[in-house]
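Student: Protein chains in written order, with UniProt numbering: chain A, 1 to 318; chain B, 1 to 273.
Don't read these hints as lab results, they were simulated from the structure. Do not take every clue at face value.
The calculated label-pair distances, taken between Cβ atoms and stated as ranges, are [to be verified]: (1) L241(A) <-> A14(B): 41 to 47 Å; (2) Q85(A) <-> P23(B): 46 to 52 Å; (3) A46(B) <-> L175(A): 49 to 55 Å; (4) E46(A) <-> T215(B): 29 to 35 Å; (5) P23(B) <-> T44(A): 44 to 50 Å.
Computed from a prediction, not measured in an experiment: that's the story for all the values here. Every residue, glycine too, gets a C-beta built ideally from N, C-alpha and C.
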Amino acid sequence: MSRYLGKKVAAALVSFLVTLVIGFVIFSLMPADPVRTLTRGRPTSEEQLAQIRVQLGLDEPVWYRFLTFAGDTLRGELGFSWQFQQSVSSLVAERLGPTLLLMGAAAVISIALGLWLGVHSGWRHGTLFDKVASGASLTLWSVPTFWLGMILLVLFSGWFPSGGMSDPSLAATGLEHVLDVARHLVLPALTMVLVVFAQYVTVMRASVIDELGSPYLLTARAKGLTDADVRRKHAVPNALLPSVTMIFMHLGTLVTGAITVEAVYSWPGLGYLTYEALKIPDLPLLQGTFIIFSASVILMNLLADLAYRFLDPRVRVQ
Amino acid sequence: MKRSGLWGIGVLAAFALLALTAPLHIGDDQLDVVRVDGPRLAPPSAAYPLGTDLAGRSILHLVIWGSRESLSIGLIATALTVLLGTAVGLLAGHYQGRIGQALMHVTDWFIALPSLPLAISLSAVLGQGAASITIAIAVTSWTATARLVRAQTLAVEARPFIERARALGAGNRQVMLRHVLPNVMPLVLVSSTLTVASAILSEATLTFLGLGDPTSVTWGSMLQTAFSGGAVTAGAWWYLMPPGLAILLVVLGFTLTGRAVEHLLNPRMVQHA
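Please build the complete structure, drawing on both the sequences and the hints.
Tutor: Listed below in structure tokens is the structure:
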């Protein structure tokens, strides 16, 4: 077990290192002249430009700049935002909570809904229920997330707040504040759930159908168990195993959803921060959110591997 | 399943026809913000069947015109994706030693990266516009093709006719391009219809986030101007519905077509999908 764990953690660390390299290439090597972007719109002499280059360390060799960048990132220093005049790490720390709340709520609801629909449409595949569930999830998957968000905003504009995470005029505390945030959370979370749950339906449905012909189900039926018991106690636990990995793998798509949903609902999280950074574009801030998003996806994939190992005794023995 | 595939092809044919014939009945003066004379943000009427936008242009015209760029960005990005993915997959499958392993490692790293943040970062650095969006889409979506092509290449290269070709003196390049590639391409083309679907969604998303060319008309840019112009608070559903439904129909069309052809080629999958 510990060797397996070590291997997976090492692979994740390598992935993170690669993320750093890609981030470095995109944000430090690709922009033609970062100093000109930085001083854009202000009259600057060649001397001043050269001075800023030295200040930013741009006159150092590439490998040295990469090592400095990697070291800073590992110490949690993600640079300085041009737009907010504040360190990127402090901005990320401020915005992390709202994103986790939104993604967590959306993940829990969409996984529960998706798995339930997947189990039932797989168990009774070919029926009207299956066709409606599969059709609805396929259609919702084909919809741009941000568009669905805007449509829901138009539809429910009077019922739920149109943006933000809380009403500043209320200045509510305690339970009142929780309810206020919950009211603001409804539409963004609903948008994400509607787009994301489809993939869980597909995965779960396929693995339930895979189990359908298994002899152990015949045995269970021969014992005289009801159809619901055969499904709940025998088919679902087995079908759940392959789905768990897929579920974790798909959590990355939540990140994508978070960016567009937060942009539409001005939900003050990391996605909205990315959206704000894009308008300038504020490259240090974009680099910071890119690294945070990538790191979180790598972490989730690692958890998926470990969860699979833990859940499936067959893999554990090997 | 067959019937839904036909629906998919029908929808795609209709959109292709609309996009190709658009210049015949929509002129520059109907799309130029300065020269149009319609009412601003007006709901559907006899003169403007789908209403007008913030500048007084007909939404119907904009949606039809937008199909040109949205579809072409989707198709070009897919072509780039397939080219990149096929090259990597073919090389990784053919050179099974260190080169192949290294290429598969690179592929795995790219799979692990979240695609939207990567695409956003790339196109933000490359600058606004269709070209940078196209590149960003290709860079973030080639991995699926690469894996597919590699698996197929391994399967094809295990077959006796490759050994025969080698015995006759075929070099690496000839084996890859003359023998493996033609056997791999049909499946790649099928999977690319699904790639087009996600490329069109990505294009709309990136343009909505403000990475597109601000002067051009695409479905994504229509939604972006609608959003930033306050169409949501104004409740201008006629401005929001058409571009979104157009994206939905085209994406659904590509997905259904792709699935139907996939089933034709691989009937054993029918039960599962």
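Student: Do the Cβ positions of Q85(A) and P23(B) conform to the proposed distance bound of 46 to 52 Å?
Tutor: Given about 48 Å between the Cβ atoms, the range holds.
Student: Does the Cβ-Cβ separation between L241(A) and A14(B) fall within 41 to 47 Å?
Tutor: The hinted range 41 to 47 Å holds for L241(A) and A14(B), with Cβ atoms some 43 Å apart.
Student: 49 to 55 Å was suggested as the range; check whether the CB atoms of A46(B) and L175(A) agree with it.
Tutor: holds (53 Å)
Student: Taking the beta carbons of P23(B) and T44(A), is their distance inside 44 to 50 Å?
Tutor: Because 45 Å falls inside the window, the suggested range holds.
Student: Please test the hint of 29 to 35 Å on the beta carbon pair from E46(A) and T215(B).
Tutor: holds (33 Å)
In summary, the structure agrees with every hint in the numbered list given earlier.
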